[in-house]
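Student: The primary structure of each chain is shown beneath.
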Amino acid sequence: MSQRYEMRFSGSGGQGMILAGIIMAEAAAIYDNKNAVQSQSYGPEARGGASKAEVIISSQPIDYPKATGIDAMLALTQEACAKYCNDIKEGGILLVDSEEVKNLPRGNFKTYSFPITSIARDELGKTIVANIIALGMITELTKIVSHEAIEKAVLARVPAAFLDLNKKALQIGFEKAKAVKV
Amino acid sequence: MAEKKKKLLQGNEACAEGALYAGCRFYAGYPITPSTEIAEHLSVRLPKVGGKFIQMEDEIASIAAITGASLTGLKSMTATSGPGFSLKQEGIGFACMAEVPCVIVNVMRGGPSTGFPTGPSQSDVMQAKWGTHGDHPVVAVAPAYVQEILSETVRAFNLAEKYRTPVMVLYDEIVGHMREPIVLPEKGELEVIDRIKPTCNSEEYFPYDDKYEIAPLAAYGEGYRFHVTGLNHKKDGFPTNDAKLIQEGNERILRKIENHKNDIWKNEELELNDAKIVVFAYGSTARSARYAVKEAGNSGKKVGLLRPLTLWPFPEKAVEELAKRVKVIIVPEMNMGQMIVEVERYARGKCEMKNPDSQAAGILLGKEFYYLPPHQNLWCGGLHSSPVKEVLRRPRSKERGLRRAFRSRWEVYNVNSSCSKKR
Amino acid sequence: MSTAVAVKKDKAPFDYNKYLRPNKLPHIWCPGCGHGIVLKAMLRAIDASGLSKDQICMVSGIGCSSRTPGYVDFNTLHTLHGRAMAYATGVKLAKPSLKVIVITGDGDALAIGGNHFIHTCRRNIDMTVLVYSNAIYGMTGGQYSPTTPQGANATTSRYGNIEPVFDCCELAKASGATFVARGTAYHCQELEKIIFEAVQHKGTSVVEILDQCPTYYGRQNKYKSVTEMMEKIEKDGTVSVKQADKLPPEKLQGKLLRGVLHKIERPEYCEQYKKFIIGKAQGK
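Chains as they are written, first to last, in this note's numbering: chain A, 1 to 182; chain B, 1 to 423; chain C, 1 to 284.
What the hints contain is simulated information worked out from the structure, not anything from laboratory work. Glycine residues also receive a C-beta, built at the ideal position from the N, C-alpha and C atoms. Take these hints with a grain of salt, some might be off.
[To be verified] Under the rule of at most 30 Å between Cα atoms (straight-line distance), these lysine-lysine pairs were calculated in the BS3-like manner:
{"id": "1", "chain 1": "C", "residue 1": "Lys284", "chain 2": "B", "residue 2": "Lys187"}
{"id": "2", "chain 1": "A", "residue 1": "Lys152", "chain 2": "B", "residue 2": "Lys6"}
{"id": "3", "chain 1": "B", "residue 1": "Lys301", "chain 2": "B", "residue 2": "Lys197"}
{"id": "4", "chain 1": "A", "residue 1": "Lys167", "chain 2": "B", "residue 2": "Lys7"}
{"id": "5", "chain 1": "C", "residue 1": "Lys255", "chain 2": "C", "residue 2": "Lys222"}
[Claimed, not checked] Facing chain B, according to a computed beta carbon distance under 8 Å, are these residues of chain C, among others:
{"id": "6", "residue": "Pro22"}
{"id": "7", "residue": "Lys24"}
{"id": "8", "residue": "Ser97"}
[Said to hold, decoys possible] Which bits of chain B does chain A cover? Going by a derived footprint, with three or more residues having C-beta under 8 Å, they are:
{"id": "9", "region": "5-13"}
{"id": "10", "region": "285-299"}
Isolated chain A (complex conformation):
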């Protein structure tokens, strides 16, 4: 893989989108030995508002650090989806939280909808791991990093007391995505 692969994680401030970006970048750069750059853009809000993290993955050194055409995007809120979906590439992937994003953008890309936050609440009892479930899904859908790499990256970044919870969250993400993948 020499081409840039560009990912965007978007949602509302406090949903862990920047952490998701960091984990993805670490999975690629540290555990899969590729090049990765993670950047972010946010407003003055620590909670709420639209927030995004971008990850560029390449086998080559990465000069330009921001996204130019998105290969895979996650949107956990309608606001973030509307604000950030405009540069998804043809043939790209959009993953949304189906209960939040009701107006799906149209375009030449594939959209996957899951009730991500509800899954987190119903199956794990904690909405806070929605970002990790989403990471599992997007890993499975894109195959841009290996399952092992993303798992190592997740476990290295979360508090020790929540290792199991996050491991499960990731697994649920893999499975749900695998079931629908075409």
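Dock chains B and C against chain A, hints included.
Tutor: Same frame as chain A, but now just chains B and C:
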């Protein structure tokens, strides 16, 4: 896997790690976006190595505290962003005048005033040079990659200690907040320079002894009871009103940098050999430029990149030499045209000068310089008369008026806006 | 602790030259200025404290009083207007073994440096802050300061000053200083004892020292002589804390208290830093 352990670090964390590597043992700062992570990181890391961290009451107090700490012999640093950098200016001048080594990091955000705290800019590069009053030496480095933030912070400390002067590290929000995998250098891998201390007895010690180009600096509390002041002073550090001594002192602090530019300069040169078009870019803008230059090269165009890692003193020699043999120098910056003025000054009319239409925030930067038309940008640089005429025929927006006021030549050079308009 | 040691009676004259840089004199101060009296009291107090010259770091800002460090043989740092305490904080935290003494004026400490003043007191970092308070900006030629009395004349208050004054000692106390005192140039032996005690204190000690600027304050406010200034402002304008206890409130009207006004024990910043921050970070 790589032999050495890679770590995904944010630019600001890498800066803090660089400071520790260089031997920084004192940090004073005041929270300000987008530099705060440096303080957060050092507040944890410094005490582990016996260093001191203090959050002062404002940015003025921060530059003051690091200057005081440095005089006790500790390598010291502060970090800030636009508004805080403005506040620190008087203290920076004091450190220049009193020749106290210290490092000031400015993670540049949008301005003027409160501006765009979470967005990038490169609009403090001239302030770094001229922000404090009076003639004074300025050394500023400008890293563009996270790994480089670490190594350039180490270099900043080295230059500060070697030349007894404050050194600035200028980078912008993009690289400050960005995360990239980096390798932490092992001990001994990068050069670390410590200031020279006096060995003479205290009666013979003069903190500004002109028999040296850069006089040894004693530490407070070690038997050399010397005086430091921001007033013009003699070699013993005490104030003077003697015009001749004042002139000599002012010249000496400028000369100690001027005479060592070859040691302080550092440039990355890419494909410069037979380039007819050259991009002069620094910091995160240079990342886009690098991409564009490589792309242009792939399609057979002879385009090169000159990327200064030392912004001040200005890389005049490199620009002068380049201007003699290239057709065009393009200077993209995330500001309304600051370093381009300096590039022009040293190109001395030997080649054309162009400023791609890339002001404002980082996203725009990408769109203008790489995302939309990397080659086009460069191509516009290569086409001369027709787009220029076109631009002159068609004055456009308010923005144009603003630019005219800012710098009248802009409209002639601003050929790229006509290109992007057609697109 | 007894303060009697600070006063040496019936002995050989005190050798001020031991602490001065004789070749840096004469000083810039005007005839009749109180700063010289304060300087001498301070040197006697320092001598009594037994501190070595190498141990002392004297830091100042900008103004007439701030020229003091140039004349004394310590580690000396003459900094920017208002910022002396911020520089001093850096010095002290970086090298806690130094005894830091800040020399500042009413304008330097309470106007441009007001923020550093209150935060230094709040931290209770170990340093002695001597505020030479002559109610005027002398170096720039006699403008009103935060301690210029209401109604007084200055070159920038030709119709009489309308601004209320800062009570330096109350401000220091409210900000958290653990030793607060007031002395005057007139009561120079008492001042020596106060400075001695301030230097001995662990934590931020603030001494407001009323002294006189005959050149700018005296002339503009119709004082006929330096003696008149010292008597009216420093002698009659103040009452010692001990006397004050015995006097009825109406006799205290309009007078400032002299002596040690506030002295408490509170953890000192550098010790706290060592104990809690370095201690926790290094797992000790």
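Student: With reference to the structure, classify each hint as holding or not holding.
Tutor: For each hint, the structure was consulted:
| no. | hint | in the structure |
| --- | --- | --- |
| 1 | C:Lys284 to B:Lys187 | holds (25 Å) |
| 2 | A:Lys152 to B:Lys6 | holds (14 Å) |
| 3 | B:Lys301 to B:Lys197 | violated (53 Å) |
| 4 | A:Lys167 to B:Lys7 | holds (22 Å) |
| 5 | C:Lys255 to C:Lys222 | holds (20 Å) |
| 6 | Pro22 | violated (13 Å) |
| 7 | Lys24 | holds (6 Å) |
| 8 | Ser97 | holds (6 Å) |
| 9 | 5-13 | holds (count 3) |
| 10 | 285-299 | holds (count 5) |
The structure fails hints 3, 6 (numbered hints given earlier, in ascending order).
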